[in-house]
Amino acid sequence: MNGEETSALSQVGTTSLDPEAMAPPETPWQEFLRVFKKDYQAVFGFWVLMLLLLTALGGKALTEWWVVFDPEVVRLTDKFLPPFSAPSAGSLPADQPFVGVYLMGTDELGRDVFARMFQGSFVSLSIGFVAVGISLGIGILLGGLAGFYGHVKLGFITIDTLIMRFTDAMMCFPTFFLILTAVALLPPSIYTIMIIIGLFSWMGTTRFVRAEFLSIRELDYVTAAKALGIPESRIIFRHMVPNALAPVFVSATIGVASAILTESGLSFLGFGVPPPDATWGNILSDGKGFIFDAPWLFFIPGMAIFVVVLAFNLVGEGLREALNPKLRSR
Amino acid sequence: MKLSVGYMGLHILNELPMSVNSSSPLLKVTGLKKYFPVRSGIFSRVSAWVKAVDDITLHVNHGETLGLVGESGCGKTTVGRSILRLMEPTAGEITFEGEDLLALKARELRQARRRMQIIFQDPYSSLNPRMTIGSIVSEPLKIHKIAKGQALQDQVNELFVKVGLRPEHQSRYPHEFSGGQRQRVGIARALALKPKFIVCDEAVSALDVSIQAQILNLLRDLQQEFHLSYLFITHDLNVVQYLADRIAVMYLGKLAEVAPVEDLFTEPKHPYTQALLSANPVPDPTIVSQRTVLSGDVPSPLNPPSGCRFHPRCPQVIDICKTDDPPLIMIGPPERGHQVWCHLHA
Ligand code: SF4
Numbered sequence: 001m002n003g004e005e006t007s008a009l010s011q012v013g014t015t016s017l018d019p020e021a022m023a024p025p026e027t028p029w030q031e032f033l034r035v036f037k038k039d040y041q042a043v044f045g046f047w048v049l050m051l052l053l054l055t056a057l058g059g060k061a062l063t064e065w066w067v068v069f070d071p072e073v074v075r076l077t078d079k080f081l082p083p084f085s086a087p088s089a090g091s092l093p094a095d096q097p098f099v100g101v102y103l104m105g106t107d108e109l110g111r112d113v114f115a116r117m118f119q120g121s122f123v124s125l126s127i128g129f130v131a132v133g134i135s136l137g138i139g140i141l142l143g144g145l146a147g148f149y150g151h152v153k154l155g156f157i158t159i160d161t162l163i164m165r166f167t168d169a170m171m172c173f174p175t176f177f178l179i180l181t182a183v184a185l186l187p188p189s190i191y192t193i194m195i196i197i198g199l200f201s202w203m204g205t206t207r208f209v210r211a212e213f214l215s216i217r218e219l220d221y222v223t224a225a226k227a228l229g230i231p232e233s234r235i236i237f238r239h240m241v242p243n244a245l246a247p248v249f250v251s252a253t254i255g256v257a258s259a260i261l262t263e264s265g266l267s268f269l270g271f272g273v274p275p276p277d278a279t280w281g282n283i284l285s286d287g288k289g290f291i292f293d294a295p296w297l298f299f300i301p302g303m304a305i306f307v308v309v310l311a312f313n314l315v316g317e318g319l320r321e322a323l324n325p326k327l328r329s330r
Numbered sequence: 001m002k003l004s005v006g007y008m009g010l011h012i013l014n015e016l017p018m019s020v021n022s023s024s025p026l027l028k029v030t031g032l033k034k035y036f037p038v039r040s041g042i043f044s045r046v047s048a049w050v051k052a053v054d055d056i057t058l059h060v061n062h063g064e065t066l067g068l069v070g071e072s073g074c075g076k077t078t079v080g081r082s083i084l085r086l087m088e089p090t091a092g093e094i095t096f097e098g099e100d101l102l103a104l105k106a107r108e109l110r111q112a113r114r115r116m117q118i119i120f121q122d123p124y125s126s127l128n129p130r131m132t133i134g135s136i137v138s139e140p141l142k143i144h145k146i147a148k149g150q151a152l153q154d155q156v157n158e159l160f161v162k163v164g165l166r167p168e169h170q171s172r173y174p175h176e177f178s179g180g181q182r183q184r185v186g187i188a189r190a191l192a193l194k195p196k197f198i199v200c201d202e203a204v205s206a207l208d209v210s211i212q213a214q215i216l217n218l219l220r221d222l223q224q225e226f227h228l229s230y231l232f233i234t235h236d237l238n239v240v241q242y243l244a245d246r247i248a249v250m251y252l253g254k255l256a257e258v259a260p261v262e263d264l265f266t267e268p269k270h271p272y273t274q275a276l277l278s279a280n281p282v283p284d285p286t287i288v289s290q291r292t293v294l295s296g297d298v299p300s301p302l303n304p305p306s307g308c309r310f311h312p313r314c315p316q317v318i319d320i321c322k323t324d325d326p327p328l329i330m331i332g333p334p335e336r337g338h339q340v341w342c343h344l345h346a
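Line by line, the protein sequences are chains A and B. Numbered by our numbering, the letters in the first sequence go through residues 1 to 330 in order. Numbered by our numbering, the letters in the second sequence go through residues 1 to 346 in order.
Since the hints were derived computationally from the structure, they do not count as laboratory data. For clarity, every value in this text was computed on a predicted model and none was experimentally measured. Even for Gly, the Cβ is constructed at its ideal location relative to N, Cα and C. Where hints are given, some of them may not hold.
In silico SDA-like pairs for lysine to any residue, Cα to Cα no more than 20 Å straight-line [stated by the list, open to error]:
{"no.": "1", "chain 1": "B", "residue 1": "Lys194", "chain 2": "A", "residue 2": "Pro231"}
{"no.": "2", "chain 1": "B", "residue 1": "Lys28", "chain 2": "B", "residue 2": "Glu71"}
{"no.": "3", "chain 1": "B", "residue 1": "Lys194", "chain 2": "A", "residue 2": "Phe84"}
{"no.": "4", "chain 1": "B", "residue 1": "Lys196", "chain 2": "A", "residue 2": "Gly229"}
{"no.": "5", "chain 1": "B", "residue 1": "Lys105", "chain 2": "A", "residue 2": "Ser126"}
{"no.": "6", "chain 1": "B", "residue 1": "Lys142", "chain 2": "A", "residue 2": "Phe166"}
{"no.": "7", "chain 1": "B", "residue 1": "Lys196", "chain 2": "B", "residue 2": "Glu97"}
{"no.": "8", "chain 1": "B", "residue 1": "Lys148", "chain 2": "A", "residue 2": "Arg234"}
To spell it out: a stretch of chain B is covered by chain A in this simulated footprint if at least three of its residues, at any positions, have a beta carbon under 8 Å from a beta carbon of chain A; those stretches are [what the hints assert, rightly or not]:
{"no.": "9", "segment": "122-128"}
{"no.": "10", "segment": "136-147"}
{"no.": "11", "segment": "300-314"}
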């Protein structure tokens, strides 16, 4: 029609799209890493968590499968030894700690605190992960339903109203006391604790996922997918879920920390994981009676919980920063 | 030059009987209404209706561009989305290639969607940030089982070239591109299914002026090549003047004036059109424009003015405007298709 304009157009098109002119390709994952690495606190938190993960796996392996550190040996001759002290002469060679000294001292029954902490790291972490897994599952399901099919009516009430009012009702109760009540009524075991913490902490996730779904549903790329005749299931799982989950995982990271805290709190009050399983919470709880005679019994698990919770929070903050689409589009 | 492009010269009015099938419009919208409920109280009872689109009748011919102009909030986007059934209209009839779109079941609708597409305003929210631009463009082809394997790759490459993108960039993500380039990706996605009709919803409004021109050129070239029809929704008269064959002006959910583009710019009949045009910058500085400045704000569509919806702001308002809906008046010969809804011309 008019050659000049068309050629000018294609010229502009090609020069501005010159491969040299563009930064090297960067997948969202690479970009995420780049932003995340800039946040030193988050990177620090990340390595602490990696160390914790290794410790937890090692703890499971070395205290239960190949008993190198036995948390259950009672040595009445070696009560209340401070950290780094050698076992007394009277103890049996088989009962002596693997490294030759009690790295973290011994408790009121002469058990090796290091071995107990080692075992407890796995228990505490798995409680955190399983509980958050359960709450994420429930939260994503209910939140997704409310966000996507919320307008559908069930009789006189919409799905959204039904789910969200139930969520609100659950949120009315202070979670900790709800968990405390449930734990007091049910047979105590590590699984009960995991499941109950999970069952009573999905409300935040539900609200979060619903809000994400509601806002993503209105975005143009979802409308475009609809206009292209793409089936609903694919719109949900290909276009919406991947974009809704990033912030959910951020809150899940922090959720693990709060689940560990909740478990510690329960153990401290005596409703937690029953003996002989050691968790950081019940080591702390056992130690509280001897805070002046044997402060390490109290401070070692206390510091461990503190560092881990802090690390989870730092990583969560870092993830939030690195996954925030508003910051990323710049 | 511009008007010869895709201008069929055949503007059959909706009211006239259609004798020859080939001259019947591609898209015919009759009495389209879209009301949104306003809920209040604990029981979410519907307390009022926002009449976003209130009885709109228009048509788009084969290969033509109809500009739909109005201020923001006048319902023009709702018209576009209702036509594509991205929203369910409250009432009305939409006929596309002789097929009643509102009667289609979900399955048939998915098939019909191949023939009509949409291009969005915001090039940032219109592309899924977690998909490469290549998979964004190829997804519709895969889903509708149009091509696969090498044939799919060839088609996607071709689409990229058509819209002025480099096929090598397919494995990149939307955030790596500028607004104009993203808009090209959006256009390639809309073209993938070889539609006949595209709704351009403020398609260039978010772009810089120089990029706007490139995208408009591209849209016009594509229109010629694929014999596309556009419904070009915008608030910017300059943009439609360049691309449109006919223009429909909307005010608060109703049509004010529909006319071929040259008629609308040379002799606008509706006071609202006149006001819009006088607010429009004229490229020639020697022309002293007589500005009609509109006073007041756009009233809320929740509680629109009685009679002519424009009357509180109309500089030429007469008594009857406040009570009676303005009638449809034909200006000039009916086949010209210049329609205006105003008491002044009755
Ligand atoms: S009908 Fe009356 S108020 Fe409406 S545009 Fe015409 S003159 Fe103005």
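Which hints, by number, does the structure contradict?
-> Numbers 2, 3, 5, 6, 11 - these are the hints that the structure violates, sorted from lowest upward.
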